[in-house]
Amino acid sequence: MNTTAVSDEDTHEEHHDHGLSDIGYIKIALILAVLTAVEVATYFWDFGILEVPSLLILMVVKFQIVVSYFMHLKFDSKVFSYIFVTGVILAMLVFAAMGTSMVFWQNPSGCDISAFC
Amino acid sequence: MSEIVQDSATQIAYGRTDWDDHHHLPTNTGLTNEKVTMWAFLGSDCLLFGALISTYLLLRNRVGPSTSGPTAADLFDIPFTSVSSFVLLMSSLTMVLAVTAIQRADMETCKLWLLTTAGLGSIFIAGQVYEFTSFYREGLGFTTNISSSAFYTLTGFHGVHVSLGIVMLVTMWALVSGGQLGPERAETIEIIGLYWHFVDIVWIVIFAVVYLIP
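From first to last, the protein sequence lines stand for chains A and B. Position one of the first sequence corresponds to residue 1 (this note's numbering), numbered consecutively onward. Position one of the second sequence corresponds to residue 1001 (this note's numbering), numbered consecutively onward.
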């Protein structure tokens, strides 16, 4: 038995189910590079009130692209997505819990703008 | 399809085995235990980094009542860190190319991409060592103030993760080179790849939240 017995057509079909081709991954990396360049541009140019929201959006988009394509969550079992998303949600809850215990509850005037808001 | 002969290597590489006609592995979930375990580990590691990032955000502007000195944010070299972020991002591409190479039983290409990934990771770590050294020379030690402690703990933990990833990649390269890891165990490289991509996404968050957001 040898692997060459698998037809090219079959291999192509499986790749389609399991992920992208090498060229597809290179395109994804180029998109990530462009998004990173836009992120860095916010340091050199003043984006005003849009700076923080745009950085957060870019961060989420990059995170989503890497997780979906490079980590194959888009193509893999949903069980993996549930496990990982649970971890991410718990991490955000940790952030919220620490925020409330260390900032909101200790500052009688409300939210500490310099640290949080 | 039924006429095509498939060997066990290709079957496992694409999640298929001939021990079950429905293409499921003999586990309760139908998934390999190793992969489920890695995802569970990554999910739990989110909590670690969630706590460290939260701590840094809460302490980033505080130097403490009896301490002084600069904060890390005063000393950031954004162009330099941008380059090392780009290097780590591109290492995710080379990692996924190593996975696809071993899945199609192209061992030489797999070895090349594994070494490239380890090399890019090493460049990132070298950049972090340079950054830490320059910060220290400018008066920002680990115990200078609570802001610096939070910064070094967060980025240091990430650096340790990257370093462990490099060790795993070099180990994989040695196993593939020695013929001890072939296409029939492509999932092993995929699992190491999951870890590597995870350290990349953690850096995506750290780079935006710690370095770029004022």
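Since the hints were made in silico from the structure, they are not lab data. Beta carbons: idealized from backbone N, C-alpha and C, even for Gly. Check each hint, because a few of them may be wrong.
What the hints assert, rightly or not - Among the chain B residues that face chain A by a calculated CB cut under 10 angstroms, a handful are:
(1) Leu1089
(2) Thr1100
(3) Gln1128
(4) Phe1132
(5) Leu1164
(6) Ile1166
Unchecked claim - To give an idea of the chain A side of the interface with chain B (calculated C-beta under 7 angstroms), a few residues:
(7) Gly24
(8) Trp45
(9) Ile49
(10) Leu50
(11) Ser54
(12) Ile65
(13) Tyr82
Stated by the list, open to error - Derived list of chain A stretches under chain B, where covered just means 3 residues or more per stretch with a C-beta under 8 angstroms from a C-beta of chain B:
(14) 31–40
(15) 86–100
Each hint tested on the structure:
1. Hint status for Leu1089(B): holds, given a least beta-carbon distance of 6 angstroms to chain A, under 10 angstroms.
2. With a cut of 10 angstroms, the hint placing Thr1100(B) at the interface with chain A holds, because the nearest CB-to-CB distance is about 6 angstroms.
3. Hint status for Gln1128(B): violated, given a least beta-carbon distance of 17 angstroms to chain A, over 10 angstroms.
4. About 21 angstroms separates the beta-carbon of Phe1132(B) from the nearest beta-carbon of chain A, more than 10 angstroms, and the hint is not met.
5. Annotation: interface hint on Leu1164(B) violated; nearest CB of chain A at approximately 18 angstroms, more than 10 angstroms.
6. Taking 10 angstroms as the C-beta cut-off, the interface hint given for Ile1166(B) is violated, the closest approach to chain A being about 18 angstroms.
7. The interface hint given for Gly24(A) is violated, since its Cβ lies 10 angstroms from the closest Cβ of chain B, which is over the 7 angstroms cut-off.
8. The criterion of a C-beta within 7 angstroms of any C-beta in chain B is not met by Trp45(A), whose closest approach is roughly 12 angstroms, and the hint is violated.
9. Against a cut-off of 7 angstroms between C-beta atoms, the interface hint on Ile49(A) is violated, since the closest Cβ of chain B lies about 12 angstroms away.
10. At its closest, the beta carbon of Leu50(A) sits 12 angstroms from a beta carbon of chain B; the interface hint therefore is violated under the 7 angstroms criterion.
11. For Ser54(A), the interface hint is violated, since its Cβ never comes within 7 angstroms of a Cβ in chain B; the closest pair sits about 10 angstroms apart.
12. Interface restraint check for Ile65(A): the shortest CB-CB distance to chain B comes to about 9 angstroms, outside 7 angstroms, so the restraint is violated.
13. For Tyr82(A), the interface hint is violated, since its Cβ never comes within 7 angstroms of a Cβ in chain B; the closest pair sits about 9 angstroms apart.
14. Counting residues of the stretch 31–40 of chain A whose C-beta lies closer than 8 angstroms to any C-beta of chain B gives 5; at least three are required, and the coverage claim holds.
15. With a threshold of 8 angstroms between beta carbons, the proposed coverage of the stretch 86–100 of chain A by chain B holds, since 10 of its residues qualify and at least three are required.
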